[in-house]
Amino acid sequence: MFGRSRSWVGGGHGKAARSIHSLDHLKYMYHVLTKNTTVTDHNRNLLVETIRSITEILIWGDQNDSSVFDFFLEKNMFVFFLNILRQKSGRYVCVQLLQTLNILFENISHETSLYYLLSNNYVNSIIVHKFDFSDEEIMAYYISFLKTLSLKLNNHTVHFFYNEHTNDFALYTEAIKFFNHPESMVRIAVRTITLNVYKVDNQPMLHYIRDKTAVPYFSNLVWFIGSHVIELDNCVQTDEEHRNRGKLSDLVAEHLDHLHYLNDILIINCEFLNDVLTDHLLNRLFLPLYVYSLVNQDKGGERPKISLQVSLYLLSQVFLIIHYAPLVNSLAEVILNGDLSVFSSKVEQDIQRSSAKSSIRCFIKPTETLERSLEINKHKGKKRLQKRPNYKNVGEEEEEERGLENTQEDPDKAKGTEGSSKGIKASGENEEIEMVIMERCKMSELSISVVTEQNTTDEEKSAAASGSEMTNWSRPFLDMVYNAQDCAEDDYYALFVLCLLYAMSQNKGIDPVKLERIQLPAQHAEEKSSYNHVLAERLIRIMNYAAQPDGKVRLATLELGCLLLKQLVLSKSGSIIKDVHLACLEGAREESVHLLRRFYKGEEIFLDMFEDEYRSMTSKPMNVEYLMMDASILLPPTGTPLTGIDFVKRLPCGDVERTRRAIRVFFMLRSLSLHLRDEPETQLPLTREEDLIKTDDVLDLNNSDLIACTVITKDGGQVQRFLAVDIYQMSLVEPDVARLGWGVVKFAGLLQDMQVTGVEDDSRALNIIIHKPASSPHSKPFPILQATFIFSDHIRCIIAKQRLAKGRIQARRMKMQRIAALLDLPVQPSTEVMGFGHSSASAAQHLPFRFYDQSRRGSCDPAVQRSVFASVDKVPGFAVAQCINQPNPSPLSSPSPSSSGSGSTGHCDSVTASSTSTPSAAHSPSVDDSSAPEQPPIIFSSQMMLVDETSSAASKSGKNPEVETANLSPSLIPAQQPTISLLSDDNADALSVESLTLVPPIDPHSIHTFSCIPQSSLPSEVCGVTEGEGSDQSQQADYDEQ
Amino acid sequence: MAYAYLFKYIIIGDTGVGKSCLLLQFTDKRFQPVHDLTIGVEFGARMITIDGKQIKLQIWDTAGQESFRSITRSYYRGAAGALLVYDITRRDTFNHLTTWLEDARQHSNSNMVIMLIGNKSDLESRREVKKEEGEAFAREHGLIFMETSAKTASNVEEAFINTAKEIYEKIQEGVFDINNEANGIKIGPQHAASNATLAGNQGGQQAGGGCC
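Those protein sequences? They're chains S and W, same order as listed. Note that my numbering has the first sequence beginning at 12, numbered continuously upward. Note that my numbering has the second sequence beginning at 5, numbered continuously upward.
With the rest of the complex left out, here is chain W:
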C-alpha cells in the first residue's frame, strides 16, 4: 500500500464520550450518522493527503483497557498523535481531562501531538461545558482544540487531519525521529511502486471511504 508516512493515533477520554463513533465517522464515511443508530469501531485506517503526500492514519481506540496499566502506557508510547475527547454535555468528562493528560504526558513520547476534542457539539441545548472553557484548557496545556460532532460529522475531518498536519510539520522540522517506529510513525515501503497497482487500487477503494 503506497503511502509516504503512516501515523498511528490513539483516542482517549472517558467512556461514552463518543470516541469510537468519531473514529468510525472519520475512517468510514459509508456509515452515515443517523439519529436512531449509534455505531462505532475500535480500529480504523484511512488515507489522507497532506502537502501532496499520501499519509495513512491508523487509529486505535483504547476503550475498555483502562483496568490494565500496562496496556494504557504501551498505547500512549506507540502513538504519534492522540485525540483527547470529552463530551460537552457532561461536565465530569471535562473535569477528568487533567488526569488523562497527565497520563498521556507521562507515558507518551514528548513529541506526541495531542488534540483536545469537545464532542457532541450538535447537542447545544444540553451543553454543560462552554467552548471557551475547552479553548482555555487547550491553551493552558498547549493542545490544539476543536469541537466536533460525530453525529453531524462536523469538524471530524478537521480534527484528524489537523492533528496529522501538526505531526507532519514536526517531521519537517526534524523533531520526530521518523526512523524510530516506536514513535508511532512509519515511513512507507520504498518499493511501494511495484505492488501499488493491485494493493494500491484496492486500498484506495477501502480508504476512499472517507475521501469522497
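Just chain S, same shape as in the assembly:
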C-alpha cells in the first residue's frame, strides 16, 4: 500500500525517488499541502504520506542541508499540521502526525533546528490538543511524543514550554494527568517526563511546579501508592495456599517502582520540591499507614491498617531505597525512638488531623473511603488547575471551545469538569486553586508542628536516657521489632525485622547518632566498644534455632542474621564480641556440625551438593535489596518447592533439601565463627581455582606416566596429546619445545566431573566428556571437553580408562574425606559416623591434611604444584629426586623462588606426627570394613607419608613455627581440621593412582600417626574452651548483676 503511496508522490513529482531528500521535494510537498487543506477520505492517504515525507526531508535537512529548515519555517508548515489535526481527521492521520512529531524531535541534532521547531508555540498547541486517548495507539504515540519532548528540555528550551507570565506548562501538566493511567508504559512515560522536568534547573519553572502543581500531584501520588499498599495487604491477608503470588508480586513490584520514582525525585535534590514531597510521604503515608500498623495490629478502629509483615516489609523497602536524609531520619526516629509520648502525640496528630479534616475539606480522614473522597476532590482541583493554562495556551479562542467539547466527549476528562458549568469555569477554578494553596499551607503548618513535637520528645528522651530518670520508658515500635525476631514457631516476621534493621543500618541518609542510640552501628561505623546485647542475643538465638534439626529458620533469615551480627560486633580493630556471646555462637556452630553429620553420606551426590552449595553461596552472596523485591516472602514460609520459591527463602522439602540446608547452615556458621575470631578460612572451597593446573601451564613431566593419544573433538578437530592424570585433574599436554621432558598443558579438567565410556566398535578409543558445573542458574552446565581419545593399542586404552576411572573415584574420595574432617568425624569414630567405612576413611584422611597444612601456605607458589606434578607415578623413593627437581622450576610457571616452594612442599611436621602417634590397631580393621571399593585411602596416605618425610628431610625448612602455631591454635577448629592443599593432594593422588596396581598396601601405622593428631590435640583445647566458657559465664553473671 505504501508502495502505492510512494508512487503517487514520486509520480506527481515526476522525478526518481532518489531526489526525495531535497529542498525541491519539500517544496513540492508544500504544494501538496496547500492543495489539500481539507482532509477527505480521498486525500487522506496522500496527506499521510506527505507528512511522512516531510519528516524524512526535515531530518535529512538537519543532517545535510540547512536550507530545508529555512523553507519549512518560512512557509509556516507547522500550521498545516495543526490545521489537519483540528479537523478531527481520524485516527490514521493523528497517528501519522504524532509519529512524525516523534521522529522530528527525536532525530533533530542541531540546537538551532530544534529552536526553530519550538519557536512558534505550535508544539504547545499540539500538546493540549484533545486526542482520543481511549485509543491505545494514539495514547502511546502521544505520551511518547511528550516524553521525547521532555528529553529535549534544558535551561534554554524550557522557555518554549513554560511560560512564566501566563503560568503555563502544558508539557508537564498534561503529562501528569496520566500518572495513574491503567497502561503501565504510559505511567512510566509520565514519570520519565516529570523527572526530566524536575531535572531542569530553572528556578521560576520549579517555583511554578511547587506552587501550582506539587501539592495536588504529590498528594494524589501518595494516595495512589497508599491504595496500592492496601490492595497489597489485602492480597496477603486473603491469600490461600499461595494462590495470590502472581498478583502479589506485581503489587510489590509496583510499590518498588513508586519508591524508586520517589527516590529519583528526591535525588534530583530540588529542595523545596523535596520538602513538599517529604511532608506528604511522611505524614500521609509512611507514618499513618506503615508505622501506625506496627503497633496497632490488634485494635480495631477506623483507620486503614496493614498487617505487621507487610508493614515491616514495606518499611524495609523504604529504607533500602530512599536515602534522603530528612525523610529517613524522621522515619527512623519514630521507629527506633518513638515512645509512648510520641505515640500519644500521634494521637494528637490524629485529633489535629480530624479537626483539620473538619476545617479543611477532605483533608485526611482515617478511613479509607474518606481518603478516597479526598482524592476525588483533589483530583478535581488538580485537573481544573491544570486545565486553565492549557486553554490559554491554545492560539485561537474557537479552538479552546473545541477543546472543551472534546473534553466532554472524553469520559475520563469529563470527570474533571463535572459539576462545574463551562461558562463559569474560570471563576470556579480560581477558587479551587486558592483552596488548594490554603490546604497546602495548613498542611505545612501541621507538619511543622509535628516535627517540633517530635523534636521535643527526642530531647526529652535523650535527657531521659542519659539521666536515666525514666527507666520504664518504653519504645513500642522498637519493642515490636525486637519481639518479632522470635523464631521458635517460624521466622515469618523475623526475616522482615532483620531486613528492616539491616536496611536502616545501611541507609546513608540516617544520622548514625540515631542508630547508635540503640547501638546498632551503621555500615562503616567508627571505632566502638560496645554493642547492642539484646539484639546480639536475639540474633544468636536465631542461629541456634537454625542449627536445630527441626529448625524453622530459613536460610535467608540465617544469612541476614549473620550479616547483622557481624556488623554489630565487628569494629575496625576487630571483633568486640563478648566471650559469652562468642561461646553461644560456637555452640550454634557445633550444632550445625552435628546437624550436617546426620546427612553426611558416602554417596557421590553428597560431594556434588557440598561443592555446589558452596559455589552458589559464595558466588551469590545475599543481596538484601533483591531479597526485599521478592513478594513470595510476604506469604507464610512454606516448605514445598512446588511454589517455585527460591530455596533459601523457604523451608527444605525432603531429604535432599534438608541436606542442602544443613550444608549451608554449616557453611554460614563456620564462616561467621571464623570471621568473628579473626581466623582465615583455609579449607574451603575444597578445590581452589588457583591450586588447579591450568591451560598453558608448563609442567615437569620427567618420570610421569604419560599416555600418548589422538584427541578428536566433536567438531572434527584432531590433535596429538599426552594424557596425564593428576590427583584432581586430568590434563592433556604437548611437549615443551624448550625443555626436554617438560610439557605444556593444553587442557585440564576435573576428574570428578568426567565421564568415560568405551567406544563400541573400537577397542582403542574412549569417549570422554567433562562438564563444567553451572555457574549461574541461567546457564546450563556445558561440556568443556567432549572428545574421542584414540590410543595406540587397546592395552593403553584400557590403562587409560582404568587410570581415569580410578582417578575419578580417588579424587572424589579425597574430597569426601576432607569433608569428614571438616565435620570432625574422626573425633567420635565410634558413634557419629554415618554411611560406610568412614571411620577408616576419615582416619586416614587426616594425613594428607596435616601434610597440607604447611604446603597450602606455599601453594601459591606455582613451582610447588609443578614440582609435585613432576612426581607423578614415582614410587616413594623418588621423592628426594623430586625435591632436587624443584630448584629448576619452569621459568614460565614459577616466578617465585623455588626454595620456598620446596620448603613448603616438602615440609612436614614430623615431630607432631611422631609425638601424637597412637596405636593404629583400632583403625586397621576398619580399613577392611570399608565398603568403599578397592583401594583403601590408607594406601596413598602412607605413601604420602614417605614422600613427606623425604622431602622434609631434604628441605629442613624453617616452617616449624608455622606448624606450631597451627597446633597451638586456641580454638577447636584449626587443629581438628588441618589445612588442605592441592599440592599435597597432588602428591598423594599421583602416588595412589599408580599404587593401585604397582604398590602393595603399606603398613597403616604411618597413617595413623597422623590421624591421631586431632585426637591428641583436642583435649587441651577443649579444656581451654571450657575455661573460656566458664569465664564467659562468670562474665555473664556479672552482667546479670549489673
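Simulated from the structure, these hints should not be mistaken for lab results. C-beta: ideal position from N, C-alpha, C; glycine also. Watch out, some of these pointers could steer you wrong.
[What the hints assert, rightly or not] Have a look at the derived ranges for each label pair, beta carbon to beta carbon:
1) W:Pro193 <-> S:Pro215: 24 to 30 Å
2) S:Gly101 <-> W:Gln110: 41 to 47 Å
3) W:Asn184 <-> S:Asp707: 47 to 53 Å
4) S:Gln559 <-> W:Lys57: 33 to 39 Å
5) W:Gly56 <-> S:Glu122: 48 to 54 Å
[Stated by the list, open to error] The calculated lysine-lysine pairs, modelled on DSS-like cross-linking and capped at a C-alpha distance of 27 Å, are:
6) S:Lys783 <-> W:Lys57
7) S:Lys86 <-> S:Lys38
8) S:Lys757 <-> S:Lys612
9) W:Lys134 <-> W:Lys155
10) W:Lys135 <-> S:Lys725
11) S:Lys38 <-> W:Lys33
12) S:Lys563 <-> S:Lys631
13) S:Lys577 <-> S:Lys589
14) S:Lys188 <-> W:Lys190
15) S:Lys141 <-> W:Lys135
16) S:Lys258 <-> W:Lys135
17) S:Lys783 <-> W:Lys135
18) S:Lys725 <-> W:Lys134
19) W:Lys155 <-> S:Lys757
20) W:Lys155 <-> S:Lys258
[Unchecked claim] Okay, the calculated bits of chain S under chain W, using three or more residues with CB under 8 Å as the criterion:
21) 57-67
22) 92-100
23) 132-145
24) 202-209
25) 616-629
Using the hints, position chain W against chain S.
Structure of chain W alone, referenced to chain S:
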C-alpha cells in the same frame, strides 16, 4: 483494533548502537534506509501474523532514561520481550552486555524473552566483534541471537518476529500468565469484531507499513 495478542517489547543497549533505527526500520517500512540519512524513533507499533493470529507488537525504546533507575526497572517489568542490541563495530558495546543483561534479569519477569542483536552487520570492514562471539554469549546466557543491519534491513524482520514467536510459544505452553497485563502481554479486545471495520481498516493501513 483487532488483534489476538499485544506484546510489549523494549529495546536496550548502549547509546548509538542503532536501537531507534532498528525500531523504525521494523515498524515503518516507508522510511527506507538510505546512506545519507540516519533516522530513528522511540516508539513504534506493528501488526504481525503468527500461527494465523494477528499479533500487535508495541516497541518502546528506553533510550535517554538511563539516569533514572526507577524508569529503567519499570520498563523491564512491563515488557514481554527485550531486544538487547550491541554494535558489531564497537567492542565496548559488546562488553557492556553483561551489565545490561544483569539489569534485565533482575528487573524483568523471569519469562521475558531476550534476543541478542549484533547490529550494523553491513559494516563488515569495521567489524570488531566476531559473529561467533555473539553466538557464544547468547548460548551462555540462554538468549536468541541474530546479526542485523538497520541500514540494509537485513534480519530486522526476523529479529522482531522470532522474538514474538518465542513469546507466543511460551503462551501456548502456559508459561506466561496472559491475564496479567504486567507481563507485557495483552489479550485483544474480545468485541473487536464490531468496530474492526473502521479501526481495523485504518489500523491495517498504518501497521501495513511493514507488511508489504
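Quiz item: Do Pro193 of chain W and Pro215 of chain S keep their Cβ atoms within the hinted range of 24 to 30 Å?
Solution: violated, 45 Å
Self-check item: Given coverage of the segment 92-100 of chain S by chain W, tested with a Cβ cutoff of 8 Å and a minimum of 3 residues
Solution: violated (count 0)
Quiz prompt | Verdict for Asn184 of chain W, Asp707 of chain S (Cβ pair) under range 47 to 53 Å | solution = holds, 51 Å
Quiz prompt | Restraint check for Lys38 of chain S with Lys33 of chain W, where alpha carbons must lie at most 27 Å apart | solution = holds, 24 Å
Quiz item: Does the alpha-carbon distance linking Lys258 of chain S and Lys135 of chain W stay inside the 27 Å limit?
Solution: violated, 41 Å
Quiz item: CA of Lys86 of chain S to CA of Lys38 of chain S, is that 27 Å or under?
Solution: holds, 10 Å
Quiz prompt | Hinted pair Lys783 of chain S and Lys135 of chain W, Cα distance within 27 Å | solution = holds, 24 Å
Exercise. Between the segment 132-145 of chain S and chain W, see if three or more residues pass the 8 Å beta-carbon test, and mark the coverage as holds or violated.
Key: Violated - the segment 132-145 of chain S has 0 residues with a Cβ nearer than 8 Å to chain W, which falls short of three.
Quiz item: Within a Cα-Cα threshold of 27 Å, do Lys563 of chain S and Lys631 of chain S meet the stated pairing?
Solution: Status holds; Cα separation ~23 Å.
Quiz item: Between Gly56 of chain W and Glu122 of chain S, does the beta-carbon spacing fit 48 to 54 Å?
Solution: holds, 50 Å
Practice problem: Would you check the hint for Lys155 of chain W and Lys258 of chain S, treating anything up to 27 Å between C-alpha atoms as holding? | Solution: violated, 42 Å
Quiz prompt | Given pair status - Lys725 of chain S, Lys135 of chain W, alpha carbons within 27 Å | solution = holds, 20 Å
Violation of the numbered hints given earlier is confined to hints 1, 4, 6, 8, 15, 16, 19, 20, 22, 23 and 25; the remaining hints are satisfied by the structure.
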